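Q: Chain order of the listed sequences is V and A.
The end of the first sequence is residue 414 by numbering that gives the first Met the number 0, with every number in the run present.
The end of the second sequence is residue 414 by numbering that gives the first Met the number 0, with every number in the run present.
No wet-lab data here; the hints were simulated from the structure.
Check each hint, because a few of them may be wrong.
The list makes no distinction among identical chains, and a pair is therefore deemed to hold if it is satisfied within one copy or across any two copies.
Said to hold, decoys possible - Simulated crosslink set (EDC-like; lysine to aspartate or glutamate; CA at most 20 Å straight-line):
hint: 1; residue 1: K314; residue 2: E166
hint: 2; residue 1: K387; residue 2: E336
hint: 3; residue 1: K367; residue 2: D228
hint: 4; residue 1: K318; residue 2: E32
hint: 5; residue 1: K53; residue 2: E171
hint: 6; residue 1: K298; residue 2: D288
hint: 7; residue 1: K23; residue 2: D323
hint: 8; residue 1: K393; residue 2: D251
Small disclaimer: the values here were computed from a predicted structure and weren't measured.
Protein chains: 2
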Amino acid sequence: MVQAAVMGYGVVGSGVVEVLMEHKDSIARRTKEEIGIKYILDIRDFPDSPFQDKFTKSFEDILNDDEVKVVAEVMGGVNPAYDFTKRLLESGKSVVTSNKELVATKGAELLRIAKEHNVNYLFEASVGGGIPIIRPLSQCLAANDVIEIAGILNGTTNFILTKMIRENMSFEDALAMAQKLGYAERNPAADVEGHDAGRKISILASLVYGKHVYPQYVHTQGITKITLDDVRYASAWGGVIKLIGQVKRLDDDTLDITVEPMFISRDSQLANVDDVFNGILVRGDSTGDVVFYGKGAGKLPTASAVAADIIDCVKHLNKRKYLDWADGDESIVKPYEETVYPVYIRVSADCDKKQLFDKAAELFTDVKEIVRSGSDNNEFAFTTGDMKAADIEKAAASFEEWGAKVVSKIRIADL
Amino acid sequence: MVQAAVMGYGVVGSGVVEVLMEHKDSIARRTKEEIGIKYILDIRDFPDSPFQDKFTKSFEDILNDDEVKVVAEVMGGVNPAYDFTKRLLESGKSVVTSNKELVATKGAELLRIAKEHNVNYLFEASVGGGIPIIRPLSQCLAANDVIEIAGILNGTTNFILTKMIRENMSFEDALAMAQKLGYAERNPAADVEGHDAGRKISILASLVYGKHVYPQYVHTQGITKITLDDVRYASAWGGVIKLIGQVKRLDDDTLDITVEPMFISRDSQLANVDDVFNGILVRGDSTGDVVFYGKGAGKLPTASAVAADIIDCVKHLNKRKYLDWADGDESIVKPYEETVYPVYIRVSADCDKKQLFDKAAELFTDVKEIVRSGSDNNEFAFTTGDMKAADIEKAAASFEEWGAKVVSKIRIADL
Chain V
0 MVQAAVMGYG VVGSGVVEVL MEHKDSIARR TKEEIGIKYI LDIRDFPDSP FQDKFTKSFE
60 DILNDDEVKV VAEVMGGVNP AYDFTKRLLE SGKSVVTSNK ELVATKGAEL LRIAKEHNVN
120 YLFEASVGGG IPIIRPLSQC LAANDVIEIA GILNGTTNFI LTKMIRENMS FEDALAMAQK
180 LGYAERNPAA DVEGHDAGRK ISILASLVYG KHVYPQYVHT QGITKITLDD VRYASAWGGV
240 IKLIGQVKRL DDDTLDITVE PMFISRDSQL ANVDDVFNGI LVRGDSTGDV VFYGKGAGKL
300 PTASAVAADI IDCVKHLNKR KYLDWADGDE SIVKPYEETV YPVYIRVSAD CDKKQLFDKA
360 AELFTDVKEI VRSGSDNNEF AFTTGDMKAA DIEKAAASFE EWGAKVVSKI RIADL
Chain A
0 MVQAAVMGYG VVGSGVVEVL MEHKDSIARR TKEEIGIKYI LDIRDFPDSP FQDKFTKSFE
60 DILNDDEVKV VAEVMGGVNP AYDFTKRLLE SGKSVVTSNK ELVATKGAEL LRIAKEHNVN
120 YLFEASVGGG IPIIRPLSQC LAANDVIEIA GILNGTTNFI LTKMIRENMS FEDALAMAQK
180 LGYAERNPAA DVEGHDAGRK ISILASLVYG KHVYPQYVHT QGITKITLDD VRYASAWGGV
240 IKLIGQVKRL DDDTLDITVE PMFISRDSQL ANVDDVFNGI LVRGDSTGDV VFYGKGAGKL
300 PTASAVAADI IDCVKHLNKR KYLDWADGDE SIVKPYEETV YPVYIRVSAD CDKKQLFDKA
360 AELFTDVKEI VRSGSDNNEF AFTTGDMKAA DIEKAAASFE EWGAKVVSKI RIADL
């Protein structure tokens, strides 16, 4: 019997306990080792829980108990999770987590400490919930150079965009519905402003490129400015708008890393990833495109990923899993202004179409009009060819000086 | 430096050498260990290959060289691969393979021998080519009870069906095209009769349920009888026909395991898996549906999966990966006649529609007509509710006695 502890008895934490209890027999059969839960750490009381004997309010109970070999940190947030995790690893216990904020901000340091103490720090649940992605990336695709990762990494925003695309719902109504269904928090900023997806792409990029790419290096833009008109133009163009977290390795070995709404073609494998589902596309030089799809959040999917990491730690007590990346700095990321991509632009202008498109052709490369039914008379939209982000900004500014109001600018993905 | 050997220098074998050579530096960086290829075993001569010093025609060279720790068996077929693999494992070398035929027929025995000698026998490449599936199933989803696996596991047949569905091509023409493009062999039986997919679902079932499910227990039916009329009825019904390998655990703990063409709904995540791509859906009790998608075959995708297994062995020299299943017998599989599912039935009959559907309603449960445009006057099609396979056969026989010719019967998937 190997003893584990769970820190945090919220949605994920109670799920971890449930998953481990319910699969006790099948896990013991596969692991050749029973896994017990000795402590559950939470400052709250749970008088109705059947696990009264396991609850503690003292972190030291877990830290000082030599029987506890593996701890699931599912508290969320950086503090006190960071301090707790550090001390557990230093005391020779393995830690597994779903805490993307902590991994994205302190991953390199915690992985180093784990290595120094010959224990494991695993975080399969931090990206994609129940979708296997960390292990496949670090093990199955180990003989690949990963050229690009692009994913729908946040279920809340994907739910909102799906409602806008399929049911013609406004952003505000779709957000309200997501909140009502429990998919979005009362303060939805972390989701709708793209920060949650930013942390996840930062973890995937660090894993694949071997250097910590901190979330503050990730150009991050949410979906709050997306309107139904943009959704309709995307449809007329032949695709949909999705919030994409993307990282590409450029020829000069820097990374183009961003979270932003993008036009993606209807033929893309990500185009049909709808509702609260996540989809992650990994482009390897040998494998080509591989896509992982499933529920990116939720109590049991996330808990099952945490539980699988606990099982893996139990199988590898005193053996290191080779999960590792070095510290990194801003120099590994290409400044966003210098990244290159095609863009969709929507303008409103009081002039005739020919005049407008003549001017557009002067300012942007490879301008192609998009026509949608039901558009206003003074509304125009087009796509460009590949342009530097800074040049797009400049061209848009000149366009505005000339008299065209630039209403939307949305990147077009190469997926 | 850890030394490896590659047995078989065909498409996959030459790919393995290429992938290991081209990623030498990045692999060494990640593995903290250089991987050398000391031998390439092949009975043929390759006078133009740059690896002259590595070729050998003698298996004993590899077997007797203590420096060689890991061997990639990419010869295919059961003999002599089976004998070679056994002797290598017995001599304390780890073996990795893409050989689905060998794993499907001898997996339990080879895994047992590997365990007895504290080495690894890995086969990520045997299912899904470059798509990570074996490792995610055995590790990431370890805290799940897998309720069902359903996959498009054979690229050749999926290419043929895609051509039939999207381009209205006949089976014969699509097969000829697949052969011309190198996707199908001159003798296409293993693909079009479903045997290749049968081996793959047998491996996945064994892995998940812990007992060897031999291919001969898998009800296997190919796509040779599928016609364009069936494709059109599937479309009218709201879906497509795909060759699905499927295993479900039933309430009595037996398995419903089959490879056969199925109607799948257009909303299913497998419906858009087209051309030579594979898609595998895993339904876990905690994760819900997780889908893996990518190139299921081809030189570099398959080779990269073999190479990743070599890397994993090198990281785990003298440590066992917990990949394991016991021997199994026919009793773990539900006899196909007793399995239950809804079915699509197409008949031709010289009678009026009311008569025919009255009779159908008498013989089958929950009969629902499907209408397609351009059908013949004496052609009718319908779907049924859940019925036992044996009862479907009986009802179809009675229908024929009554005077309706049953032209097609295709299972409807629950995906």
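Q: Work down the list of hints and note, for each, if the structure agrees.
A: Taking the hints in turn, this is what the structure says about them:
Taking the closest pair of Cα atoms, K314 and E166 never come within 20 Å of each other, the shortest separation being 47 Å inside a single copy and 50 Å across copies. In this homomeric assembly, K387 and E336 come within 20 Å of each other (Cα to Cα) only inside a single copy, at 7 Å, whereas the closest approach across copies is 63 Å. For a Cα distance limit of 20 Å, the shortest separation of K367 from D228 inside one copy, 18 Å, qualifies, whereas the shortest one across copies, 40 Å, does not. Taking the closest pair of Cα atoms, K318 and E32 come within 20 Å of each other both inside a single copy (16 Å) and across two copies (17 Å).
With identical chains, the CA atoms of K53 and E171 are never at most 20 Å apart, being 43 Å at best within one copy and 66 Å at best between copies. Taking identical chains as interchangeable, the C-alpha atoms of K298 and D288 lie at most 20 Å apart only when they sit on different chains, with a minimum of 14 Å there against 29 Å within one chain. Taking the shortest alpha-carbon separations for K23 and D323, only the inter-copy value of 18 Å comes in at or below 20 Å, while the best intra-copy value is 30 Å. Taking the closest pair of Cα atoms, K393 and D251 never come within 20 Å of each other, the shortest separation being 24 Å inside a single copy and 68 Å across copies.
Consistency note: the structure conflicts with the earlier hints numbered 1, 5, 8.
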